[in-house]
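Colleague: Between the sequences and the hints, there should be enough to build the whole structure, so can you do that?
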Amino acid sequence: MLQFKTTELSSYSAPEQAQMAIEGGCRWIELSSKQNDPENLRETALEIIPLCTEKDTFMTIDHDVNLVNDLKVHGVHLTPGDMLPKEAREFLGPHAVIGVTVTTPDEVIALKSADIDYVRVEGYPVVSLEQYKQFVNRVREAGLTTPIVAAGRITDDDIQPLLNAGVSGITISDAVVESTDPSAYIKHCLDLTK
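For the sequence shown, this note's numbering gives the first residue as 811, with consecutive numbering after it.
Calculated from the structure, these hints are not laboratory results. Careful: at least some of the hints might be erroneous.
Claimed, not checked - Below 30 Å or equal to it, Euclidean Cα-Cα: the simulated BS3-like pairs (lysine-lysine) are: (1) LYS882 - LYS844; (2) LYS896 - LYS882; (3) LYS1004 - LYS865; (4) LYS943 - LYS1004; (5) LYS997 - LYS943; (6) LYS844 - LYS997; (7) LYS997 - LYS865; (8) LYS865 - LYS844; (9) LYS882 - LYS922; (10) LYS844 - LYS896; (11) LYS865 - LYS882; (12) LYS943 - LYS896; (13) LYS997 - LYS882; (14) LYS922 - LYS997; (15) LYS922 - LYS896; (16) LYS943 - LYS922; (17) LYS844 - LYS922.
Modeller: Printed below as a string of structure tokens:
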């Protein structure tokens, strides 16, 4: 699984970023809600939705469960301080994709009954490959198969080592928009996940 998350640290707008990622073959776009007031976030999402629909691409939005529900996009990514995952599931229904940022294996285990679709561990490379490996092993030893996604300052060079550490997917962002050809870069990253 390869998710592309839009970033505010780019000269490209979020819709431009999404378009380039989709052109490169990415089929999961996450709209970051940082530095976006609610109205601007809605307008940006409305620009990205047709791009995703045209190419049968998943679209999730950070934090804003109400906006996800209003716009009928695929799902939401939650972080501490957002609506609780269990409440988000009840609100959005069984079809919605719900991801949650976590920092410890115990948090994943505590979410066992919350009916989430994946967890994300932020902070690579501050969170080392060995730490990711230990994290995955601890969750699997607890009998959980929840997909674990790595995120942070990830480049193409990091993808295979992270997958080898046991993560199920990668969230990539800055390295794509900082490359000379973002669409080609995302295609290359996708090839590395196969």
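Colleague: Now tell me, hint by hint, if it's right for this structure.
Modeller: Outcome of the hint check:
{"no.": "1", "hint": "LYS882 - LYS844", "verdict": "20 Å, holds"}
{"no.": "2", "hint": "LYS896 - LYS882", "verdict": "19 Å, holds"}
{"no.": "3", "hint": "LYS1004 - LYS865", "verdict": "20 Å, holds"}
{"no.": "4", "hint": "LYS943 - LYS1004", "verdict": "19 Å, holds"}
{"no.": "5", "hint": "LYS997 - LYS943", "verdict": "26 Å, holds"}
{"no.": "6", "hint": "LYS844 - LYS997", "verdict": "26 Å, holds"}
{"no.": "7", "hint": "LYS997 - LYS865", "verdict": "15 Å, holds"}
{"no.": "8", "hint": "LYS865 - LYS844", "verdict": "25 Å, holds"}
{"no.": "9", "hint": "LYS882 - LYS922", "verdict": "25 Å, holds"}
{"no.": "10", "hint": "LYS844 - LYS896", "verdict": "23 Å, holds"}
{"no.": "11", "hint": "LYS865 - LYS882", "verdict": "17 Å, holds"}
{"no.": "12", "hint": "LYS943 - LYS896", "verdict": "27 Å, holds"}
{"no.": "13", "hint": "LYS997 - LYS882", "verdict": "27 Å, holds"}
{"no.": "14", "hint": "LYS922 - LYS997", "verdict": "34 Å, violated"}
{"no.": "15", "hint": "LYS922 - LYS896", "verdict": "10 Å, holds"}
{"no.": "16", "hint": "LYS943 - LYS922", "verdict": "20 Å, holds"}
{"no.": "17", "hint": "LYS844 - LYS922", "verdict": "28 Å, holds"}
Checked against the numbered hints given earlier, this structure breaks only hint 14.
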